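Visitor: Each chain is listed here by its residues.
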Amino acid sequence: MVGIVVVSHSERAAEGIVEVAAEMGGDARIEAVGSDPDGGIGTSMDAIRESIEAADDGGGVVVLVDLGSAVMNAEIAIEEAAVEADAGIADAPVLEGAVNAAVEATSESATVESVVEAAAEAREYRKL
Amino acid sequence: MADAETEREALLAAIANVADRLAAEREYLTDLDSAIGDADHGTNMDRGFEAALEQAESTDGDAAAIVKTVGTALVSAVGGASGPLYGGSIMSASAELEEGIAPETTVAFAEAYLEKVQDRGDAQVGAKTMVDALVPAVHTYKRSIEVDDLPPVEALRKAADAAERGVAFTVPLRAKKGRASYLGWRSVGHRDPGATSTLLIVEELLATAEEFLDEVDGGSDATAPTEPDIGADDAETENGDAVGEEGE
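If you read the sequences in order, they're chains A and B.
Mapping of the first sequence onto numbering that gives the first Met the number 0: residues 0 to 127, in sequence order.
Mapping of the second sequence onto numbering that gives the first Met the number 0: residues 0 to 247, in sequence order.
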C-alpha cells in the first residue's frame, strides 16, 4: 500500500490533518510529522525521513507539505531515506491533499503516481 | 595538493570563524528576520554552525567529507528553510572537493552550491533572498579565478565586496520567495536576513584565507594547482585550503 506522510511546521497541525484524512481513508498508512528539532515551529529533515521510512511498507510513499522549509526538508528526506520504492511530494494544499491522498491510497490499484495526482486535484477545490 | 593535515586545519579554522561570527551576530540576524520573517534566522544559524563545528571536528575524512559533515549538521540542526538551503546545498556541492582543494575545485564547489540553492529554493536574483548575495559572489569569484587569474585571496575579497553590494540590493526589493513574501509591500525597506548571513559567511572565509594564504604565491599556484613545485608547495597548500570553504 502507498504510505502517506503529512508534514507541517506544527506537529499538532500535522496530527490534526491526519485525523481529518483518516476519517475518509481509514485503512491508509498515514504518518504525521512536524516542528523543528527543538519542538518549535518549523520542520526537521531527520524526523521527516524517519516518518517516510515508517510509512513505507514497500509500496512507496507520498508526502504532503505546508510551507517553505517543509518542502525543502521533505525533498532532502526523500533523497536520504532508505526507501526502496518511489517517494514523491504532492503539489497540493496540505489538508485537502491529504484527504484526497488517503482516499486514493486505499484503492487496490493505487500507485505513488496516482496518489500524487489525486492529492494535486485538491488544488482545484474552491471554497466559494 | 595540500597535505591532509594542513587542509583539515584550515577547514576547521574556517568553520570555527563562521560559527563565532554567526554567534556574535545572532541578535542582529534575528532582528532582521523579525522585521520580515519568523524571527529565528540568528538562532537557527548559530545553532546550526555550532553543531557543524562540533561534528566537523570529530570527522576523520578528507576535505570533501568534512564539508559534507557541515552540510549534514546544518540540515539536522537548523529548523527553518536555511537548513535545507545551506545544508542540503553544501552536502551536494561537497562532492566537487573530492579531488582535493584547489582554485578550480573551489570554483566548481561554489557553482554547484549556487545551482543547488537556486534549484532547491526556486529563487532568481531580485526575489529578496540569499541568492541576491550569492549570485554576485560566486560569479565574481569564478571570473576572478578563471578569467582575471587573480590570487585566490584577492578573488575571495572581490566576492565578498560583490556579496555586500548584493545585500544592499535587497533593501528596496519586495520579497517574492520565503516567509517575507507573505508580507507583500511591507517587506520593502528591509535587508534580507539570508543574504546577510551569506555575506557574513563569505567574509569569514575571506578572513580565514587571509590568515592562511600568501597572496602573491597564491596567484602563481592558481594556474598549476595539481603539480606544485617543491618550493611552492606550502603556499599552494594554504592557498587551496582556505579558499575551499567558499560557499559554506
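Any given hint could turn out to be false.
Some chain A residues near chain B, calculated using beta-carbon distances under 7 Å [to be verified]:
1) Asp35
2) Pro36
3) Gly67
4) Ser68
5) Met71
6) Ala121
Hints in this document: simulated from the structure, not taken from any laboratory.
Quick caveat: nothing in here was measured; it's all calculated off a predicted structure.
We treat Cβ as the ideally placed atom computed from N, Cα and C, and that holds for glycine.
Visitor: Sort out which numbered hints this structure fails and list those numbers smallest first.
Guide: Checked against the structure, the only hint that fails is number 6, while the rest are satisfied.
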